[in-house]
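J.: Construct all of the structure, not just a fragment, from the sequences and the given hints.
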Amino acid sequence: MKKLYYFKVILLVALTFDIQAQNRSVSGIITDGKGDAASFANILVIQTGVGVTANAKGEFTIEGLEPNTYTLRITRVGSKTLKKDIVVVQGSISDLQIALQEAEKQLEVVTVTATRTLRNVEDVPMPVNVIQGENIEKIGALRLNEVLAEQVGLQITSDHGTGLQMQGLNSEYILILIDGEPVIGRTAGTLDLTRIAVDNISRVEVIRGPSSSLYGSEAMAGVINIITKEGLNGFDGSLRARYRSFNTANLSGNMSYRGEKISASLFVDRLSSDGYDLTEESISMTSPPYKAYTLSPKIGYRFSEKVKLNLNTRFYTETQESEQALTLDEETVQMDDKGKREDWNIMPTLEIKPDNNHRLQLRSYTTGYKTETSLTYHNDGSVYSESYFDQLFNRSEIQYDWYINDRNILTTGLGHTIETVEATRYEDVNNFNANYGFAQYQFIPSDRFNLVIGGRYDTHSEYASRFSPKLAVGYQVSNWMRLQASLGGGYKAPDFRQLLLNFTNPTAGYSVVGSSIAKEQMAEFVNAGQIAQILIDPNTIETIEAESSIAYNFGIDFTPTKKLTVTVNAFRNEISNLINTAPIARKTNGQNIFSYFNEDEVVTQGLDAQLNYKPKANLILSVGYQYLDSRNVEDVERIKNGEVFRRDPNTNRTVVVNLSEYGGLVNRSRHSGNAKIFYINSRYKFDVALRGIYRGEWGLGDSNGNGIVDVDNELAEGYFLLNLAINKKLYKGLTLEVGVNNLLDKTHEFEPSLPGRILFGGININLSEFKNL
Amino acid sequence: MEKKISIFYLLFIIVLLGFTSCDDDDETAELIPLIEETATDIPADPNRAGDFTFFSFENGIVASSLSATTSWDIAFGGTAILTNGGSSGPGQGEALVVKGIFENITQIPDEGFFVDTEASPAIQGRDGQIEDRPGWYNYTGEAPTGPKHAVLTVPGRVIIVKTAEGNYAKMEILSYYEGNPNTTTEEFENLQTRPASRHYTFRYVVQKNDTKTF
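Chains as they are written, first to last, in the numbering used here: chain A, 80 to 852; chain B, 532 to 745.
Each hint should be verified, as a subset may be incorrect.
[Said to hold, decoys possible] SDA-like cross-link-like pairs, simulated, lysine to any residue; straight-line CA separation at most 20 Å:
1) 679/B / 734/A
2) 719/A / 636/B
3) 679/B / 607/A
4) 630/B / 727/A
5) 666/A / 663/B
6) 666/A / 656/B
7) 764/A / 212/A
8) 666/A / 650/B
9) 719/A / 634/B
10) 630/B / 404/A
11) 679/B / 212/A
12) 666/A / 659/B
13) 385/A / 104/A
14) 679/B / 351/A
15) 679/B / 404/A
16) 679/B / 790/A
17) 630/B / 104/A
18) 630/B / 786/A
19) 679/B / 361/A
20) 666/A / 657/B
21) 679/B / 728/A
22) 630/B / 417/A
23) 630/B / 722/A
24) 666/A / 669/B
25) 666/A / 658/B
26) 666/A / 634/B
27) 666/A / 648/B
28) 679/B / 745/A
29) 679/B / 794/A
30) 666/A / 629/B
31) 630/B / 361/A
32) 666/A / 649/B
33) 417/A / 341/A
34) 719/A / 648/B
35) 719/A / 649/B
36) 641/A / 692/A
37) 432/A / 361/A
38) 630/B / 734/A
39) 679/B / 670/A
In case anyone wonders, no lab produced these hints; they're calculated from the structure.
T.: Spelled out as structure tokens, the structure:
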């Protein structure tokens, strides 16, 4: 690569002797490797530090250059960085022609999530995976869960919605972003991934390891950032229609315009399904019928080369209808169960780039999440129960990036969030306020070595302040081996339930109170004469703290040949202050009142490995595997001390549990993995994506009374899925897709998201290819 | 009397030399091998009539007409277990639930025993209800896995009972269901085929000496 320096091409153009000229300028046009305009390429004059951005046609002008020799550095996503020397003598240069070369495929992968600055994946010393939009298209995915299910080390779980597990940590510890801003609306910690349509996704960035140093709460296991598509120059659009088993229909469309000043796009998506039922004996369905709509208009305006304003918005609404049988007074009553979910967000962003060394972003993000559910009697339509949940979140943030030079990048930011929630199970309208500041320094002392150091401080109105540090180091040992290590702190704020819940189960009679309101609620219970015995004095209940973690990641990338890459990442997360419930009082009805406490310590550790082999240009084989060990520190301690027992099921006598029998935390598979084949046939214009996904056995919960998973019947059997998708290009711009998900027709007693074999087919129309006909 | 006692001779012979802390008095104590016995299917109000079954560690089931005497040690009614003392009877009965393996519990604690009161029995029933007071059973309720609505005995719980006459016994409750069934089977999980509840099977050892060991 260093030979590039010797490729200095000196251009002497237009020697017009104009002694009067004060503003000598250099202008020209940049083209990409295919001869098309290289729009919005960045041109930096290294000697002066002045940078400009080319317009949509690839044209640029640099003003105010004194006669001298200059080096231009041209960068553009998708192209190889090019350095070009020019000599400015007396006049302006006006017809400079620069042709960029297309970047090699693997250099194209960029990430913005890892450092909050746009960097090549290979230049960030943390475990990052980028799933490209075209791969999402190739597998025929409808929703985000289907995309993430096929990634190594990501496990889809079903708990109050379709959630995710990363490095052995659950949904509530994984931050989900759309274009860098958090998606809100969780049920029991799970953010339902089926809310997120994928047809407008440019790429999905998956960052493993705690990223609270940049993103604050929830970014404990990692971050998933969904980057939505930017339109091409001019008018562009696509239409997609798909149909699946269970009468599942999806229609989506993208329309976009991109001009020199204005860009605008609109994404529309409609998904409906009849749902399915895996439990025939019950009247309620495993997955009830639903209809969901997504609408996402975006608009952008370039005031000048230096100032850009973007407004991104998203609106989502979903309705569900099903039937349920309730047993009331020993009679079975048929109920209609209706549910509605909405979320929306508005995100204006102002970006100011006075030159290529400085970037200032002002963001204001407002989002809402609302659910309404009702049970009505099927006979007369009268209401049995109704509930709602209404959450609003606003964040104002300023971020400043200072690209001091090629080797030093400083990022700092400040923000303020306001959150309100109102719900059936909470008293009043609740307001939270939080402030934070973060700083990050990227230091690249040599071509082999890079370092990221950063931290974030969060203060919150409801719980203790936190500092989250991060240190990451990367080292290129040789052309074919790279090492990276990172250390970080993550945290998860107590959620609304844990702070505010005020709930008494109407049938069982127990109560749960959030830690913020425990004291006053206990006083009310006492006044009402409902307390038989106080177990924990409410005055001694301390302010609940955020759950926090320290994590270590260590990775090695091997690229022994151009055809083969092997990536291995070892991780360990040590989480403390996990929030659990514990009884604080016994009621006169014999039931308990529970509240939330920081109690458990948990460790998850393991290894992710991925092998990619590309024997030919049109064939990619990959294999991925995760080994996961998860444990509750206290349980392990109790087992070591011989304090954990179980009964021999045949004699019912007690025996002592050995450490080798400990099955770890529930819902974690020790082994999981996948194997994929992607094949492209350019002659007949079709491609095939065949993927196998394996999930090893996992713990379901305790059934023998000792609180831990230690015997076989507390485990769920593993399963293997096979998914096949085929895309065939019929004409330019018209693609036909067919496929089978779950080809082997698996269902699983403990995995309700597997309804058996799903057939699908659809068409995809790409308007920009159409118009070129 | 429908009492069946199957006897296991587990030899807990107190080797005097082994107990260096023992007083000289012990040398005069009688050397009786401790006998582990198992009481099977002691009914505990199976008809839900509010009755108790009275039980003596020496003589097995005792007629309920003797409930006001010291001829019984413990009584079973549903998940409630009474001791003959405090609010329940005229004897010296007390009890304590400890964690551990039946065989390994050899020391009788000097203190920490509870006496039955109207509000709460000495033998804590449901586990995890009171801090630092283990109970002998768990109720599964609507458990997502395993048998629902079952009373499962917690493994590693030994009840130390002071008898009506002031001796000590240790007991491990093995089952709350008729026939001491395997509770991990589908037959048990199915409420239609699950054996009748309110039948205790437990093993016990009584120390008739004044010593504080089993």
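J.: To test your reading of the hints: which numbers does this structure violate?
T.: 1, 3, 10, 11, 14, 17, 22, 26, 30, 31, 33, 34, 35 and 37
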